[in-house]
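Colleague: Construct all of the structure, not just a fragment, from the sequences and the given hints.
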Amino acid sequence: MIKFIHVTKEYARPEPALSDVSFHLLKGQFSFLTGHSGSGKSTALRLAHLVERPTEGEVRACGFSSLRTSRRDVWKLRRKVGYVFQDFRLLPGRTALENVSFALEVIDSPKSQILPRAQRLLGKVGLAPKAGAVVDELSGGEQQRVAIARALATEPLLLLADEPTGNLDERATRGIMELFWEINALGMAVLMATHDLELMRKYPAARTLELDQGRLVYDSAHTEAAADNVGESDQTTATPRSTPPGDLGLAGEPEPVQHQET
Amino acid sequence: MIKFIHVTKEYARPEPALSDVSFHLLKGQFSFLTGHSGSGKSTALRLAHLVERPTEGEVRACGFSSLRTSRRDVWKLRRKVGYVFQDFRLLPGRTALENVSFALEVIDSPKSQILPRAQRLLGKVGLAPKAGAVVDELSGGEQQRVAIARALATEPLLLLADEPTGNLDERATRGIMELFWEINALGMAVLMATHDLELMRKYPAARTLELDQGRLVYDSAHTEAAADNVGESDQTTATPRSTPPGDLGLAGEPEPVQHQET
Amino acid sequence: MFYTIRETLIAFKRAPLLTGLSAAMVGLALFVVGLFGLATYNVRLYLETLEERVEVVAYLRDDATTADIAIMEAALTMLPEVLGVDFVTKAEALERAYRDLPEFNEILTDLQVNPLPASLDIQLRPGSRNPITAERVAQQAALHAIVEEVQYGEEWVEKLFTLRRMGAVTTTVLGTAFAVVAALIIGTAVRIAIFARREEIKIMQLVGARDSFIHRPFLLEGAITGALGGALAVALTYTTFWSVFNYLFTISWIPWEWAGIGVSSGIVFGVIASGYAVRKHLREV
Amino acid sequence: MFYTIRETLIAFKRAPLLTGLSAAMVGLALFVVGLFGLATYNVRLYLETLEERVEVVAYLRDDATTADIAIMEAALTMLPEVLGVDFVTKAEALERAYRDLPEFNEILTDLQVNPLPASLDIQLRPGSRNPITAERVAQQAALHAIVEEVQYGEEWVEKLFTLRRMGAVTTTVLGTAFAVVAALIIGTAVRIAIFARREEIKIMQLVGARDSFIHRPFLLEGAITGALGGALAVALTYTTFWSVFNYLFTISWIPWEWAGIGVSSGIVFGVIASGYAVRKHLREV
Ligand SMILES: Nc1ncnc2c1ncn2[C@@H]1O[C@H](COP(=O)(O)OP(=O)(O)OP(=O)(O)O)[C@@H](O)[C@H]1O
Ligand SMILES: Nc1ncnc2c1ncn2[C@@H]1O[C@H](COP(=O)(O)OP(=O)(O)OP(=O)(O)O)[C@@H](O)[C@H]1O
Ligand SMILES: [Mg+2]
Ligand SMILES: [Mg+2]
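Residue numbers (our numbering), protein chains in the order written: chain A, 1 to 262; chain B, 263 to 524; chain C, 525 to 809; chain D, 810 to 1094.
Be a bit skeptical, because a hint or two may be false.
Stated by the list, open to error - With a straight-line cut-off of 16 Å between C-alpha atoms, the simulated EDC-like cross-links for lysine to aspartate or glutamate are:
no.: 1; chain 1: D; residue 1: 1011; chain 2: B; residue 2: 349
no.: 2; chain 1: A; residue 1: 76; chain 2: C; residue 2: 735
no.: 3; chain 1: D; residue 1: 968; chain 2: D; residue 2: 861
Said to hold, decoys possible - Label-pair distances were calculated between CB atoms; the ranges are:
no.: 4; chain 1: D; residue 1: 944; chain 2: C; residue 2: 619; range: 24 to 30 Å
no.: 5; chain 1: C; residue 1: 723; chain 2: A; residue 2: 205; range: 33 to 39 Å
no.: 6; chain 1: B; residue 1: 333; chain 2: A; residue 2: 112; range: 45 to 51 Å
no.: 7; chain 1: C; residue 1: 591; chain 2: D; residue 2: 886; range: 58 to 64 Å
no.: 8; chain 1: B; residue 1: 268; chain 2: A; residue 2: 185; range: 32 to 38 Å
no.: 9; chain 1: A; residue 1: 132; chain 2: D; residue 2: 981; range: 54 to 60 Å
no.: 10; chain 1: D; residue 1: 879; chain 2: C; residue 2: 772; range: 34 to 40 Å
no.: 11; chain 1: D; residue 1: 1054; chain 2: A; residue 2: 15; range: 57 to 63 Å
no.: 12; chain 1: C; residue 1: 723; chain 2: A; residue 2: 213; range: 52 to 58 Å
no.: 13; chain 1: C; residue 1: 585; chain 2: D; residue 2: 944; range: 41 to 47 Å
no.: 14; chain 1: B; residue 1: 459; chain 2: A; residue 2: 123; range: 22 to 28 Å
no.: 15; chain 1: C; residue 1: 723; chain 2: A; residue 2: 15; range: 24 to 30 Å
Derived by calculation from the structure, the hints in this document are not laboratory data.
No experiment lies behind these values; they were computed from the predicted model shown.
Quick reminder that beta carbons are idealized off the backbone N, C-alpha and C, glycines included.
Modeller: Listed below in structure tokens is the structure:
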């Protein structure tokens, strides 16, 4: 689903945001991405979405490689990926329902299904009564849940979630996590950046990747491997130690790198 | 410091965001404001900042009353209050240092002190190395800490913090909370909206206010009083049951409502 | 299509100020062109009335017979460049001289016989009022035996012709300049408006919208802005025309096709400017 | 003050596109006024050369002595409306008639004596070339005994005067319209630019900035935008002037004070528009 091959990302600043990160997230796998503030979690997610390109190395996501996919084609990748942005990025001035259905329109969903599906997803994140409210007027947590509903509405193959529970209370967090697990069980891979250690402890079955100052210092899929030789070969990264729960038979199969459609 | 007197706030929607909320936050007191997503925490903070006005009732903050302070005078209140916004609200396109020093310039701080003080505060929130980075390029947690530094830089009498640790990892959260306690010990009142129950458990000495669907359902300052007769008289609200820790001798004294300067 | 229209309406509803200001800007820019068109059109009409005075005069010998004159008049009338021919008798010529040349009154009164010749005054057709055609007609007239002399005010015709050419050049230069400026203003207005919405464009891209999908509502918005601006420009120009006509002096309204062209170009520029501006923002993400 | 300048520079640095576009828009709007000014100024100059031809002619009796004529010339020269007086002898008058009125050549040649009178041609000062003054001077001249008759081409003077008045009205109307349009465009451009920065204004208010504190950088920004736009307009107008002058025909450059006024008004409008726009956004929070 996602494969980072010796990825380094440098912004204008001297210290790279990511240095030599390699990992392989398998189809249908659920993985947390953790690390201190500024350790490069969001950068990794953005790279997987091809919003940014790596300075060195290669990122592959859903069969699209950062080296071969042109800017004009990234929309094909994005249709397969749901992204919960850390800062939500909702379309201002539109209602929650419009925001979710917009994501469905963009990917040319059949018209008759758009509204019911958007409604259903808002219901799942507990926002059915707020569907008609303009997002600018929603509370922080409500906005975050709209962002989650939007990301899930398109039934993506992969969910990139950047601290999707940062503005949610415990009860809402539990609801969202259950929703993620549920959809993950149906085959959607999840890479979720979070700083909530307690949350991760509650889901020990998920894989955990830990970044520290841009380096991958821990990968629960190689508990015995030393942090610094992580990702030396595809083989090591492709073998998950912990598989997500649920009926995900396909989780163990390494995904062949598909070539980008043109 | 802050006094809510039977405050109701209705937006365009039928259900009010706050209904009949009364409480009194004393000078130098530290209080958590908790509640589920959408329960009205941010609304309460905005009312205390006079960004919004109550539909019914009165809000007093730092001697300014929502009934008597005109729009042209609110800046006087805002200079005494630090506000960590849930969505940060940093000035885009400027560096972290510029954002913090801007807040100091606004309140006419002596020019020579502005930069050193801004630097020092960025250091306190662990962002000294990022002082020169444009805020749009900072990570979520880094932006949040810039917002915190900005709110504290002006040495406010009152800090309104809206989920100030939502984007921070445990270590950073601990650092920020210690900073808040420290400054609170010097006399700054704090009203901090948060959904992090564990965090509140770590600071049992702080007062806790809990909102549920716009109603104040719990106030640790009246553990025995029923939630629905909270704030019936000034007397009840003015007597804190739990005082913040530290050397805050003045915490118990009820604050006289000062009249707004003209 | 439905999506495009709905998105465009949403944009209008969301930021009516932005849309209104852009349309106003487009309208004002086109108003400049409209005002200029109004002025140009009226100057052109005025020049045409001046041109009507361009004529070739064939002075006739005193011994010309009525029959000769009639034959010559008929021959001249048949020339394609000639609009009409007027016969002026000796008496009429004297009358005119009294009227037009008062300083000669005394001399004329002193004379026993009328020294002024009869003449045929030849008016030229609108397209033929230039030095070359006037000279050709003059030569044709001179061929007739009864003609004493032919004059066509070379100097005046030359001057008028120069004036017209200068006018045409000035109009073209100024008109082009104004049109280009209007186009630039429209483009800039639309670009600023889209700049104010760049965040939205970015979000659309992030949720997987194809570029063309993002484009379309903005293009339609540009077209509508252009159309509104064009309509506003026509309204403003008409108001100006009406005020001048009623309170200052008689002028003519420009042909409605010009107004149509103005509005259409507003639309075209709106679309082009939007397309360009959106493409620029799309490339940034 | 230091803060204001720095904030303004930051705004330019942050959104150079926005600032650049606004300045370009202001420049284009003022360019329209500049072009119009250039055209108006040159038309005015041309009309002035025509006006120089306005003169009063006093025809003298054939028995006037040189001394009488000298006295009359001196008396007329002293009138405040009179620019100069030219004496035209009978011979010179005849020469002129040959030249200017070819259709009379024959008659003139036939005459034994020169029938044309000598005259004093009186040129009027620039401000006095109107029907009323011309008539007054004519009456003054007629008082002299040696004068046979006075003429001053009433018709021509009247016509020119009407033309000038119409020109002045048209110029004023069009000029005002263009200036108003330019002002509106500037205002709109600045408002759109500030609309794009409304979030920033809100944040400033939230951290306790006084309204005047928020205002100042925007006002300065408006002034700079206006100044840049004004400079651009002058540059564009000058380029147009230069191109026309070199490739089409000789025209004159407008007085530099006009350019100065244009730039200043750009600045003033920039400041006013900014002030208004910011105030509007301030009120919203
Ligand atoms: N566009 C950018 N330009 C320059 N530097 C950037 C940019 N985006 C991120 N950075 C820097 O890269 C580092 C990693 O940022 P990133 O957003 O990936 O952190 P993060 O792990 O998501 O942190 P957080 O938990 O605070 O969101 C940070 O130091 C940040 O300042
Ligand atoms: N400007 C507004 N217009 C209309 N409704 C609003 C507005 N702001 C907030 N609301 C509504 O008022 C209620 C309370 O919102 P508020 O932001 O105070 O919640 P909160 O407790 O801060 O929630 P969270 O933890 O999610 O941030 C919500 O239902 C929200 O949708
Ligand atoms: Mg992040
Ligand atoms: Mg909130």
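Colleague: Run every hint past the structure and note whether it holds.
Modeller: A quick look at each hint next to the structure:
1. 1011(D) x 349(B): 13 Å, holds
2. 76(A) x 735(C): Distance ~11 Å between residue 76(A) and residue 735(C) Cα, so the pair holds.
3. 968(D) x 861(D): Holds, at about 14 Å.
4. 944(D) x 619(C): 24 to 30 Å: 27 Å, holds
5. 723(C) x 205(A): 33 to 39 Å: At 38 Å between Cβs, range holds.
6. 333(B) x 112(A): 45 to 51 Å: At roughly 48 Å between Cβ atoms, residue 112(A) and residue 333(B) fall inside 45 to 51 Å, so the hint holds.
7. 591(C) x 886(D): 58 to 64 Å: Holds, at about 60 Å.
8. 268(B) x 185(A): 32 to 38 Å: 49 Å, violated
9. 132(A) x 981(D): 54 to 60 Å: 56 Å, holds
10. 879(D) x 772(C): 34 to 40 Å: Given a distance of about 48 Å, which is not inside 34 to 40 Å, the answer is violated.
11. 1054(D) x 15(A): 57 to 63 Å: 60 Å Cβ-Cβ, so the 57 to 63 Å window holds.
12. 723(C) x 213(A): 52 to 58 Å: Given range 52 to 58 Å: violated, Cβ gap about 30 Å.
13. 585(C) x 944(D): 41 to 47 Å: Given a distance of about 43 Å, which is inside 41 to 47 Å, the answer is holds.
14. 459(B) x 123(A): 22 to 28 Å: Holds, at about 26 Å.
15. 723(C) x 15(A): 24 to 30 Å: 28 Å, holds
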